[in-house]
Amino acid sequence: MTRSVRSAISATGLRKSYGDKVVLDGIDLEIVEGTIFALLGPNGAGKTTTVRILSTLINADGGDARIAGHDLSRQADAVRALIGVTGQFSAVDNLLTGRENLRLMADLCHLDRAAGHRRVDHLLVQFDLVDVAGKPASTYSGGLRRRLDLAMTLVGEPRVIFLDEPTAGLDPRSRRAMWQIIRDLVAGGVTILLTTQYLEEADQLADRVAFLDHGRLIAEGTPRELKRLIPGGHVVLQFADQAGLDAAARTLTASTRDDAALTLQVPSDGGVGSLRSLLDQLDRASISVAGLAVHTPDLDDVFLTLTGQPDHERAMAR
Amino acid sequence: MSTLTLAVRDSGTMLRRNLLHMRRYPSLTLMLIGVPVIILLLFVYVFGGTLGAGLGPSGDRGDYANYVTPGILLITVASAAQGTAISVAMDMTEGIIARFRTMAIFRPSVLTGHVLGSVIQTMVSIAAVTGAALLVGFRPTATPLEWLAVFGVLTMITVAVTWLSVALGLVSESVETASNLPMPLVLLPFLGSGFVPTDSMPTAVRWFADYQPFTPVMETLRGLLFGTGIGANAILAVAWCAVITVLCFLWAKALYNRSRAA
Ligand SMILES: Nc1ncnc2c1ncn2[C@@H]1O[C@H](COP(=O)(O)OP(=O)(O)OP(=O)(O)O)[C@@H](O)[C@H]1O
Ligand SMILES: [Mg+2]
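Just so you know, the protein sequences line up as chains A and B, in that order.
The opening residue of the first sequence carries number 104 in my numbering; numbering runs sequentially from there.
The opening residue of the second sequence carries number 123 in my numbering; numbering runs sequentially from there.
Isolated chain A, as found in the complex (with noise of 0.2 angstroms):
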């Protein structure tokens, strides 16, 4: 990636304490314009206090961070006005109306009425909001609640959104609605911090992933960079009996055994064509097979190794 390209999101040693908690430690963050970062981490890792920060709502302790070039504590308003944020938690007028918490954004953004009439009516088409527009918002199930809150984050045309935790709770289906329309929103050229605890989530849509953990970042890359971290890919083969393991086990030599499983773990990119030949090898010996498992290296295991493993700072991935 060239240096040419502008940072959306920048960010140098962001610390923040509740008490004698630390929770961030020393946060660097460089987002690109125009792409999608993932910032992954389990319960209490620190990815809303970040994502807090970032968009004004608190006060770092420590660090510098710049959106879009201004910086955030001293040109706070500047942030603001580019800024598109939707929270955790719903950030919906439960007394109003859909429409009329659109509206609502639209005045708050300063839209002249024809202009914000339009854009409001766009964006009930756009999220699928138009039967229920006139319902207060208390009455919406999770996943309409969701919509109309990324709704309301857009009504300004935000160039740099956070989302926090996007998809928290949206069955399948909504789920990849979302990603859809965080797709379409980047390929329109904002740029997008989200936060999740899906890995699958960060794989499918994230241009660079970060791990956060206890306030730290324990590693950051592109998904196929972090997925390279930790040991490849691997096809298990399931034995009927220690003959057949044995036999197996002879064939291929750079397999792994595990006797009381009677199965044998053979290095494999999970390919057809590499499935295909390992069968033939197989046929060819005459062993018989009794079940096969193809495994491929998601950040699932990336997660769980790092974070398995006591000293962090190993397992930095820059």
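Wrong hints could be hidden among the right ones.
What the hints assert, rightly or not - Dumping the calculated DSBU-like pairs for lysine-lysine here, alpha-carbon to alpha-carbon at most 35 angstroms: (1) K375/B with K238/A; (2) K330/A with K124/A; (3) K375/B with K124/A.
It should be emphasised that the hints constitute simulated quantities derived from the structure, not laboratory data.
Position chain B with the ligands relative to chain A; hints supplied.
Relative to chain A, chain B with the ligands alone:
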């Protein structure tokens, strides 16, 4: 956009938001009107005969209705204050407040919106309570100009008390606290010249009654409505309202901004 334009525009937007809330949930407004009307009926019909006689040799129920109405109007203001504190405290628990804080808007507009909405709401209840008072024998002698001044004085005290209740709503950790904190305000008209003249009170109470902010306001209202002497009360009323408004505005603003440091 200049700060002033921004302030006016965003406060207007937030006012519309609060008016929508009130229109959708009118029960609070009705309660705010109900409490002072019940107190009015109680004092005029149950205690009014005796208390009227206490005002002077020829005093009757009708005289007492005239005497007590300014006090009832301040009870209306105080009872509305409770509603304001509750709705501010409830609003602060809503997620949308965090959204407002991340937007490039006039920051105190959430608060000014509440204040404007509550002042309008209070003025509506004042009109309703005045109507009820007229029905039970309140017969003011004010000229149109004096009525205008009455309106001005009531607006002033309403603005002051509303900023106080916004601050109380913000300082409260819970909605229950917010509903209890403004309670003493409802007592102030009783511990002043609202229901009986202060010279009938024991010394300590009388001292408090003479120097608390509601008394000069009620005396000014009486003077305007019935042509009784106002004296220094007008200046005192304006001064009290100005001081309470400014201090409570600053207090409320600081309370609203404090959570950024948290
Ligand atoms: N206002 C606060 N006062 C005290 N502690 C806080 C406060 N806000 C957050 N914390 C603590 O900071 C830590 C990080 O919280 P944060 O909300 O950033 O985590 P998270 O990664 O978003 O977790 P989750 O996945 O559960 O949303 C937690 O241990 C939390 O208890
Ligand atoms: Mg969180």
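Each hint tested on the structure:
| no. | hint | result |
| --- | --- | --- |
| 1 | K375/B with K238/A | 33 angstroms, holds |
| 2 | K330/A with K124/A | 32 angstroms, holds |
| 3 | K375/B with K124/A | 29 angstroms, holds |
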